[in-house]
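Residues per chain are reported as follows:
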Amino acid sequence: MADKSSSNAYWSANIRIITVCMVIWFVASFGLGILLRPMLSGIAVGGTDLGFWFAQQGSILVFLGLIFFYAWKMNKVDAEHGVEE
Amino acid sequence: MDQYTLNLIFVGGSFALYIGIAIWARAGTTAEFYAAGRGVHPVLNGMATAADWMSAASFISMAGLIAAVGYGNSTFLMGWTGGYVLLALLLAPYLRKFGKFTVPEFIGDRFYSQKARMVAVVSLIVISVTYVIGQMTGAGVAFSRFLEVQSDTGLYIASAIVFVYAVLGGMKGITYTQVAQYCVLIIAYTIPAIFISLQLTGNPIPGLGLFGTHLESGLPLLTKLDQVVTELGFAQYTTLNTSMFNMFLFTLSLMIGTAGLPHVIIRFFTVPKVSDARWSAGWALVFISLLYLSAPAVGAMARLNVISTIYPQGTQSEAVLYEERPQWMRNWEVTGLLKFEDKNGDGRIQFYNDKNEGFTATATERGWAGSEFTYNNDILVLANPEIAQLPGWVIALIAAGGLAAALSTAAGLLLAISSAISHDLIKSYLNPNISEKGELLAARISMAGAIAVATWLGLNPPGFAAQTVALAFGLAAATIFPSLMMGIFSKRVNSMGATLGMLAGLVVTCAYLFTYLGMFFIPGTNLLENTASNFLFGIPPASFGPIGALINFGVAYVVSMMTAQPPQDVQDLVESIRVPKGAGSASNH
Chain A
1 MADKSSSNAY WSANIRIITV CMVIWFVASF GLGILLRPML SGIAVGGTDL
51 GFWFAQQGSI LVFLGLIFFY AWKMNKVDAE HGVEE
Chain B
1001 MDQYTLNLIF VGGSFALYIG IAIWARAGTT AEFYAAGRGV HPVLNGMATA
1051 ADWMSAASFI SMAGLIAAVG YGNSTFLMGW TGGYVLLALL LAPYLRKFGK
1101 FTVPEFIGDR FYSQKARMVA VVSLIVISVT YVIGQMTGAG VAFSRFLEVQ
1151 SDTGLYIASA IVFVYAVLGG MKGITYTQVA QYCVLIIAYT IPAIFISLQL
1201 TGNPIPGLGL FGTHLESGLP LLTKLDQVVT ELGFAQYTTL NTSMFNMFLF
1251 TLSLMIGTAG LPHVIIRFFT VPKVSDARWS AGWALVFISL LYLSAPAVGA
1301 MARLNVISTI YPQGTQSEAV LYEERPQWMR NWEVTGLLKF EDKNGDGRIQ
1351 FYNDKNEGFT ATATERGWAG SEFTYNNDIL VLANPEIAQL PGWVIALIAA
1401 GGLAAALSTA AGLLLAISSA ISHDLIKSYL NPNISEKGEL LAARISMAGA
1451 IAVATWLGLN PPGFAAQTVA LAFGLAAATI FPSLMMGIFS KRVNSMGATL
1501 GMLAGLVVTC AYLFTYLGMF FIPGTNLLEN TASNFLFGIP PASFGPIGAL
1551 INFGVAYVVS MMTAQPPQDV QDLVESIRVP KGAGSASNH
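Chains A and B are the protein sequences, given in the same order. The numbers in this note's numbering rise by one with no breaks, and the one at position 19 of the first sequence is 19. Each position in the second sequence, counted from 1, maps to that position plus 1000 in this note's numbering.
If you're looking for bench data, these hints aren't it; they were derived computationally from the structure. Be aware that one or more of the hints could be misleading.
Straight line, CA to CA, 27 Å or less: simulated DSSO-like cross-link-like pairs of lysine-lysine [claimed, not checked]:
| id | chain 1 | residue 1 | chain 2 | residue 2 |
| --- | --- | --- | --- | --- |
| 1 | B | K1581 | B | K1491 |
| 2 | B | K1115 | B | K1491 |
| 3 | A | K73 | B | K1273 |
| 4 | A | K73 | B | K1581 |
| 5 | B | K1491 | B | K1100 |
| 6 | A | K76 | B | K1491 |
| 7 | B | K1491 | B | K1273 |
| 8 | A | K73 | B | K1491 |
| 9 | B | K1581 | B | K1273 |
| 10 | A | K76 | B | K1437 |
| 11 | B | K1355 | B | K1343 |
| 12 | B | K1437 | B | K1100 |
| 13 | A | K76 | B | K1273 |
| 14 | B | K1100 | B | K1115 |
| 15 | B | K1115 | A | K73 |
| 16 | B | K1100 | B | K1273 |
| 17 | B | K1581 | B | K1100 |
| 18 | A | K76 | B | K1100 |
| 19 | B | K1339 | B | K1355 |
Here chain A is said to cover these stretches of chain B; the calculated rule only asks that three of the stretch's residues, wherever they fall, bring their Cβ under 8 Å from a Cβ of chain A [claimed, not checked]:
| id | stretch |
| --- | --- |
| 20 | 1067 to 1080 |
| 21 | 1199 to 1211 |
| 22 | 1238 to 1251 |
| 23 | 1267 to 1279 |
| 24 | 1282 to 1293 |
Covered, in the sense of this in silico footprint (three residues per stretch, anywhere, with C-beta under 8 Å from a C-beta of chain B), are these stretches of chain A [to be verified]:
| id | stretch |
| --- | --- |
| 25 | 17 to 23 |
| 26 | 68 to 77 |
Nothing here was measured: the structure is a model prediction, and the numbers come from that model. The C-beta atom is built at its ideal place from N, Cα and C for all residues, glycine as well.
Given only the sequences and the hints, what does the whole structure look like? Please build it.
Here it is in structure tokens:
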């Protein structure tokens, strides 16, 4: 195992990335798809509004982007901290 | 060639393929039986995970559920995909690094407690057994509809097929069969979806067609749908007709539940490296989205198609004559999933929302005496190719696809059950000195036993089968997910805290469900009526998962703070699962 301080730095970098991703995860689904939909009702998308699109398509696409971003970013962070496999 | 022969060829062909794979991918060691020897490519594992996850409910029922309610049931779309973000970021890489075989094993080692491990085993078995009942009955129904055998006979055939590849190949056999099953089910789902989207909107991509223009009327498809459903007294398709609070909580419940389902989690034990576990979760969601992005389009378009079949000249004109109904209606009437009753005796099929009191005046004025047409939501997917007038082989493909979805999920669940029995109960508790060969045999016998129990439950489905899905997701959210997360993200949570936290989550969740749905779901034994006005803070039983999770987190944290911190070797274990370095191959202790 790497020494204590570098593994702490690695873990806090990981927590930071996870936090940012979870905020986006929440906003795309619970936010734009549910809670904020009334505020987005002015933005028309194909016969309905942006909130409907986020609930049935957009949130899934954002989830996809998030998981791949996380995998890519963490591979880089692993290498920077010398903890890659 | 007639439809029956086509169905037989497609279903028989797909089964021959699964058996072939089973013989090729036999398991020789426990590492192969439990984790496919950790040699599965991340993309293939993603495909297998997608098949493992997408059950008869996703394949057959989800589009129909969305069609019935519209926007409000987007909960299923967001909930069943959003859970993968939790899995990919919070659980999968660390559990892969841990490098053992089962979910209870992690809980037992991390919380250095046999008790914690046994609580996890109990939750796992309740969750998975509950879930497998639906898959077996789903397979039985698909057999009886498409192969015209008795539902019971269908169930025996399904069990026999699963028996061959699950007992022989374990996780290895299941993984590669699931890859094949994914291909079958996604082709079966997508082809009719593309055609129906082309017919209605001219756009070959269903997810885009949903927001496209309805060719016949020139209106946006969803505007057209809103218009025809409201003209028949139904609630608007694109608006929220329940409360925002319910929608929020139910979505959260499905997400956390998804991330806590043991049969999905163990799929990430099969890849070679930690980074592969991260990529693999992404690939799993890619393959899942191929179906999930199409499903809302299939639902909306099928609903519009059903209404235009019944009102060929538009909803303001006369309904179709019963004698002139199309062939697909005749076919499905035989199954009882679609019914017509001529209440006003005019020989036409009037279909509208007779529960809407505001619409009664309009209905009376038009001479209607109640809605005369009912259909089971499931037929929207199953009859889709017939509604879109596609050739017979597409219908046969749907039959093979529905069976692939049910069997792949059943096999994944059975593996989770059998590994919990042979590895967590027998190897770790009852007989720790069992040899590698002995454990492999025990795993096979447990698998056979689990199949027998699942078949029996499929033949004698408890009347509460539908209710128990809430239990599976609720328990996964209240027990497995919080314990795993705390085990990874906190070094402070100790044995006592985790065990009591899990027990509290388990007990409170069961108590809440039993209060409204009956003791052990036995009808008539509920303490309070299952209506919104009785719910604690307005929380429906099906949405209780996040509350159970909060209770687990809270109890575990408070108890841990009041008792000694975990020993140094456990803290070192947490340090080591947090970094990918040194994951290595299968560890068989």
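Hint check:
For a cut-off of 27 Å, the pair hint linking K1581 of chain B to K1491 of chain B stands: about 19 Å separates their Cα positions. For the proposed pair K1115 of chain B and K1491 of chain B, the alpha carbon gap of about 19 Å is at most 27 Å, so the pair holds. Between K73 of chain A and K1273 of chain B, the direct Cα distance comes to roughly 16 Å. Compliance with the 27 Å bound is thereby established for this hinted pair. Using a Cα cut-off of 27 Å, the hinted pair K73 of chain A and K1581 of chain B holds, with the two alpha carbons roughly 16 Å apart.
This hinted pair checks out: K1491 of chain B and K1100 of chain B have alpha carbons roughly 19 Å apart, not beyond 27 Å. For the given pair, K76 of chain A sits about 25 Å from K1491 of chain B by alpha-carbon distance, which is consistent with the 27 Å threshold. A threshold of 27 Å between alpha carbons decides the hint, and for K1491 of chain B with K1273 of chain B the separation of about 24 Å falls inside it, so the pair holds. Restraint check: the Cα-Cα separation between K73 of chain A and K1491 of chain B comes to about 25 Å, which is no more than 27 Å; the hinted pair holds.
Taken as a hint, the K1581 of chain B and K1273 of chain B pair is honoured in the structure, with Cα atoms around 9 Å apart against an allowance of 27 Å. A hinted pair counts as satisfied when its Cα atoms are at most 27 Å apart, and K76 of chain A with K1437 of chain B does not qualify at roughly 41 Å. Annotation: proposed proximity of K1355 of chain B to K1343 of chain B holds, straight-line Cα distance about 15 Å (limit 27 Å). Restraint check for K1437 of chain B and K1100 of chain B: the C-alpha separation of about 18 Å stays at or below 27 Å, so the hint holds.
The straight-line distance between the Cα atoms of K76 of chain A and K1273 of chain B is roughly 15 Å, inside the 27 Å bound, and the hint therefore holds. Between K1100 of chain B and K1115 of chain B the alpha-carbon distance is near 18 Å, which keeps this suggested pair within the 27 Å criterion. This hinted pair does not check out: K1115 of chain B and K73 of chain A have alpha carbons roughly 38 Å apart, beyond 27 Å. Annotation: proposed proximity of K1100 of chain B to K1273 of chain B holds, straight-line Cα distance about 13 Å (limit 27 Å).
A threshold of 27 Å between alpha carbons decides the hint, and for K1581 of chain B with K1100 of chain B the separation of about 16 Å falls inside it, so the pair holds. Taking the CA atoms of K76 of chain A and K1100 of chain B, the gap is about 26 Å. The hint holds against a cut of 27 Å. For a cut-off of 27 Å, the pair hint linking K1339 of chain B to K1355 of chain B stands: about 18 Å separates their Cα positions. Interface restraint, the stretch 1067 to 1080 of chain B with chain A: holds (4 residues with C-beta to C-beta distance below 8 Å; minimum three).
Against chain A, the stretch 1199 to 1211 of chain B contributes 3 residues with a C-beta closer than 8 Å to a partner C-beta. That satisfies the three-residue criterion, and the hint holds. Closer than 8 Å: that is the beta-carbon criterion, and the stretch 1238 to 1251 of chain B has 6 residues meeting it against chain A, so the requirement of 3 holds. Proximity of the stretch 1267 to 1279 of chain B to chain A, defined as three or more residues with a beta carbon under 8 Å from a beta carbon of that chain, is established by the 5 residues found. With 6 residues bearing a CB less than 8 Å from a CB of chain A, the stretch 1282 to 1293 of chain B meets the requirement of three and the coverage assertion stands.
Counting residues of the stretch 17 to 23 of chain A whose beta carbon lies closer than 8 Å to any beta carbon of chain B gives 3, which reaches the threshold of three, so the coverage claim holds. With 5 residues having a beta carbon nearer than 8 Å to a beta carbon of chain B, the stretch 68 to 77 of chain A meets the requirement of three or more and the stated coverage holds.
Comparing the model with each earlier hint shows violations of hints 10 and 15; every other hint is respected.
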